[in-house]
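J.: Positions 115 to 391 (this note's numbering) are the ones given, in order, by the sequence shown.
In short, the hints are calculated from the structure, not lab data. Incorrect hints may have been included.
[What the hints assert, rightly or not] Cross-link-like lysine to any residue pairs, in silico, SDA-like; alpha carbons within 25 Å at most:
no.	residue 1	residue 2
1	233	190
2	233	200
3	233	280
4	233	259
5	233	217
6	233	167
In this text, all values refer to a predicted model and were calculated from it rather than measured experimentally.
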Amino acid sequence: MSNDSAVRFRGVSATVGGRTVWSGVDFTVDAGQFAAVLGPNGVGKTTLLKAILGLVPTSAGTISVFGHRPGADRSRIGYLPQRHAFGPSVRIRGIDIVRLGLDGERWGTPLPSWLQGSKGRAAAERVREVIRLVGAESYAHRPVGQCSGGEQQRLLIAQALVRRPDLLILDEPLDSLDVTNQRSVSALIQSVCRREGIAVVMVAHDVNPILPYLDRVIYLGHGGAVTGAPEQVITPEALTALYGTPVDVLRDRMGRLVVVGQPDAPPEHPHDPEAHA
């Protein structure tokens, strides 16, 4: 295996609640690559992320994360789960949200950095550094509930980056953002990926805002997956083979992709892995 490989799936299958979610999944994400997990609701996108984290057992195949089994060393992974936006009544400052990525597991109110010695000063500097990295300096001291959706996502990405991970896993970070903010956050993620040499695996519903920034695509559906570079995966031929039904990939006058003809996911049921992911 390449020394640069962050995540590698080989013939992997996952079964949740007695149901095979997907099988025969193969892909590799290397250091500095930005990969998106795509597909309709209910196909197991969040389950795939949890398999990388070692939170969901697999029923076939092998997964390696930096050459080890999933979950063996989560210290190298930054994880941003799917979540709703902070409401306007939340008063905690953005900078404190980021600091929770360093010491959020501790009880009580932290001492000021100047009372914590060199370790506290280094932590405070790291928080400032990662806030600069995501471009959040102008609102980091504002209550997070008063920040826009895009600003909140930048702060949460900073929180996931503050421990200097080698792999960043993001579950629907563009959810509920408008198109402009979706593109802005996607560009930020690509910039961090390149500048810091971090591998990124992100779940998304809509390929359009993120397509210009992607290196790899993992498109789930019909119990399997097609994977590869975007131009290899987002094609009528690849998606028709995946879904077993005619699928067209069109471009509108703005150059945005429209995937038409793919079957809807089945209605949610008690054993739907996405419903509890």
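J.: Can you give the numbers of the hints that this structure goes against, from lowest to highest?
T.: Numbers 2, 4 and 6, in rising order.
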